[in-house]
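Single-letter residue listing:
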Amino acid sequence: MTLIVNDLCVDHGAIRALDGVSMQVERGQLAAVIGANGAGKTTLLRTLSGLKSATSGSATWKDQNLLHSKPEKLVRFGVSHVSEGKSVIPELSVEENLNLGALWRRNAKESAETRVKIFETFPRLQERSAQLADTLSGGERQMLAIGRALMSKPDLLLLDEPSLGLAPLVIAQIFTSIRELTTQMGLTVVLVEQNAMSALEIADIGIVLNLGRVAAKGSAQSLIDNPQVRAAYLGY
Amino acid sequence: MFTLINTILIGLTSGSVYALMAIALVLVWRSTRVVNFAQAGQALLSTYIGFECIGRFHSFWVALIVAMILGAAVSALIEVIFMRTLFKRNTGPIAGVAPIIATLGLLGIIRGGIGIFMGGKEAIIRPPLSNVGFTVAGHTLAFSPFKLVIVSAVLVMMIGLSVVFTKTNIGLALRASAYAPEIARLAGVKVDAIRTLGWSIAGAAGAAAGMLQTPNGTGALSPDSLEFSLLLVFGFIAAVIGGLESLIGAVIGGLLLGLVLAVVLMYVNATLLFVTAFVLLIVVLLVRPQGIMGKKAGRRA
Numbered sequence: 247m248t249l250i251v252n253d254l255c256v257d258h259g260a261i262r263a264l265d266g267v268s269m270q271v272e273r274g275q276l277a278a279v280i281g282a283n284g285a286g287k288t289t290l291l292r293t294l295s296g297l298k299s300a301t302s303g304s305a306t307w308k309d310q311n312l313l314h315s316k317p318e319k320l321v322r323f324g325v326s327h328v329s330e331g332k333s334v335i336p337e338l339s340v341e342e343n344l345n346l347g348a349l350w351r352r353n354a355k356e357s358a359e360t361r362v363k364i365f366e367t368f369p370r371l372q373e374r375s376a377q378l379a380d381t382l383s384g385g386e387r388q389m390l391a392i393g394r395a396l397m398s399k400p401d402l403l404l405l406d407e408p409s410l411g412l413a414p415l416v417i418a419q420i421f422t423s424i425r426e427l428t429t430q431m432g433l434t435v436v437l438v439e440q441n442a443m444s445a446l447e448i449a450d451i452g453i454v455l456n457l458g459r460v461a462a463k464g465s466a467q468s469l470i471d472n473p474q475v476r477a478a479y480l481g482y
Numbered sequence: 009m010f011t012l013i014n015t016i017l018i019g020l021t022s023g024s025v026y027a028l029m030a031i032a033l034v035l036v037w038r039s040t041r042v043v044n045f046a047q048a049g050q051a052l053l054s055t056y057i058g059f060e061c062i063g064r065f066h067s068f069w070v071a072l073i074v075a076m077i078l079g080a081a082v083s084a085l086i087e088v089i090f091m092r093t094l095f096k097r098n099t100g101p102i103a104g105v106a107p108i109i110a111t112l113g114l115l116g117i118i119r120g121g122i123g124i125f126m127g128g129k130e131a132i133i134r135p136p137l138s139n140v141g142f143t144v145a146g147h148t149l150a151f152s153p154f155k156l157v158i159v160s161a162v163l164v165m166m167i168g169l170s171v172v173f174t175k176t177n178i179g180l181a182l183r184a185s186a187y188a189p190e191i192a193r194l195a196g197v198k199v200d201a202i203r204t205l206g207w208s209i210a211g212a213a214g215a216a217a218g219m220l221q222t223p224n225g226t227g228a229l230s231p232d233s234l235e236f237s238l239l240l241v242f243g244f245i246a247a248v249i250g251g252l253e254s255l256i257g258a259v260i261g262g263l264l265l266g267l268v269l270a271v272v273l274m275y276v277n278a279t280l281l282f283v284t285a286f287v288l289l290i291v292v293l294l295v296r297p298q299g300i301m302g303k304k305a306g307r308r309a
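These protein sequences, in sequence, are chains V and X. Be aware that the first sequence starts at 247, since it is given in my numbering, and climbs by one per residue. Be aware that the second sequence starts at 9, since it is given in my numbering, and climbs by one per residue.
One thing to keep in mind: the hints can contain errors.
[Said to hold, decoys possible] Capping the alpha-carbon separation at 25 Å, the derived lysine-lysine pairs in BS3-like fashion look like this:
#1 V:K308 to X:K198
#2 V:K319 to V:K298
#3 V:K399 to V:K463
#4 X:K96 to V:K399
#5 V:K363 to V:K298
#6 X:K198 to V:K355
#7 V:K355 to V:K298
#8 V:K319 to X:K96
#9 V:K363 to X:K96
#10 V:K319 to X:K129
#11 X:K129 to X:K96
#12 V:K316 to X:K198
#13 X:K96 to X:K198
#14 V:K308 to V:K319
#15 V:K298 to X:K175
#16 V:K355 to V:K463
#17 V:K316 to X:K96
#18 X:K96 to V:K355
#19 V:K298 to V:K308
#20 X:K175 to V:K399
#21 X:K198 to V:K298
#22 V:K463 to V:K319
These are calculated hints, taken from the structure and not from any lab test. All figures in this text were calculated on a predicted structure; none of them were measured in a lab.
Based on the provided sequences and hints, a complete structural model is requested.
Following this line, the structure appears as structure tokens:
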């Protein structure tokens with residue numbers, strides 16, 4: 247159970263967004279993918295979850311090729327994607343947003359257990375379960391988006407910029423929860439972040455993307471210690 | 009006093025049929041972001057199917073059910089064969105309008121097709137129940153047993169739809185796919201199939217509107233029926249008044265339009281019906297462009 251991405255190339259029309267990206271995430275690891283705007287981070291996640299089709303290369307999870315499959319099929323295969331910008335549906339209630347993630351699951355009892363687990367991690371969601379998602383704060387929306395993804399019972403969780411637009415305190419809280427959930431639920435996580443330091447602090451390994459290529463990778467600590475990475479992405 | 013009561017009754021009856029047509033348009037709009045002008049043609053085709061069924065089964069109600077089922081099937085086919093190809097082939101600046109213009113083309117094709125096969129044939133659907141108004145204290149109301157059935161049938165369908173939409177898993181999938189198709193797909197919803205389902209419910213609603221409206225009017229069907237064009241126009245106005253996104257809005261829009269038109273019919277002049285409907289549309293678009301039930305701000309991404 248290793249996520250293996252090999253020489254992945256993805257194009258947006260004439261522009262090459264990912265150019266020969268290779269990376270490997272072991273089961274149970276939390277991998278932080280960091281880099282500037284336009285580095286290809288979001289494209290990487292969208293390709294892994296089936297929203298975007300790849301030009302060449304491969305990406306395998308549980309010994310199966312992820313590329314050229316539809317997202318709705320990959321969800322059933324254990325790949326859950328929280329897309330950029332708090333992917334909740336504001337017109338639906340908190341409870342409906344959560345239920346949405348479990349619609350395809352036939353086992354209602356299992357879904358209920360997952361929901362209990364999500365409410366333990368994010369009690370605010372339980373308090374607000376009858377409210378429209380539209381009424382939630384930014385942090386609560388992010389919790390709901392992660393909760394929705396977990397309701398699909400993933401083993402590979404793809405998170406796109408959970409810190410976007412949130413206050414530092416809220417970011418810290420959400421990142422702590424992400425780390426806890428990864429360990430407790432035995433997830434493998436790919437966390438895409440501009441907020442490089444926060445991401446590397448909770449991650450096991452890190453990948454630095456620059457203009458669609460892997461600029462550096464290694465253990466999260468080694469990246470934090472790397473002077474070039476520090477100067478370019480961590481800002482000190 | 010009786011004029012007022014009659015006005016309200018006429019408004020409710022015609023309004024509930026407009027609401028049904030508006031629901032059909034809203035369902036298609038929500039699932040594929042297309043204003044389906046072909047809906048009038050589909051409703052006409054379904055009603056012709058209903059007419060043939062009446063000849064065969066000698067029951068209006070069986071014919072109504074068959075027309076709704078086949079109307080749903082035709083609508084699903086149009087989505088799968090026609091719309092999906094259209095969306096795949098059209099990119100660039102034309103992509104936004106091509107599907108809508110294409111539904112206009114489809115409307116012409118359906119009407120032309122009906123004309124070829126059924127044009128020479130006289131087709132009349134008679135009301136299955138008395139359409140003579142109830143008499144109260146010597147006055148004849150503009151409300152008959154058949155009109156009562158129309159209003160009740162529409163009411164039952166609306167309650168049924170709202171239960172499906174708010175209480176069931178399919179309803180949740182339908183709403184999620186309408187509001188945020190990408191998130192729905194990421195959550196595992198088979199959005200393509202759900203779209204087809206939205207179209208088929210719309211097809212059934214349009215079929216019901218046609219089947220109920222026709223015998224309530226002159227009963228005569230023709231390939232170039234003005235009645236079905238009006239049904240489309242009024243349904244569209246009702247849908248826009250309701251915000252184009254909301255099923256409840258479609259119902260409110262339909263009833264409101266029905267009532268306003270009834271007031272014009274009873275107190276002003278029947279020749280002003282058409283223009284009133286359009287004035288109402290323009291006023292709503294100017295004063296409250298998001299419709300009655302529509303949200304003020306645009307949807308957040």
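**Report entry** Numbered hints the structure breaks, given as an ascending list
**Finding:** Failing hints, ascending: 3, 4, 5, 7, 9, 10, 11, 15, 16, 18, 22.
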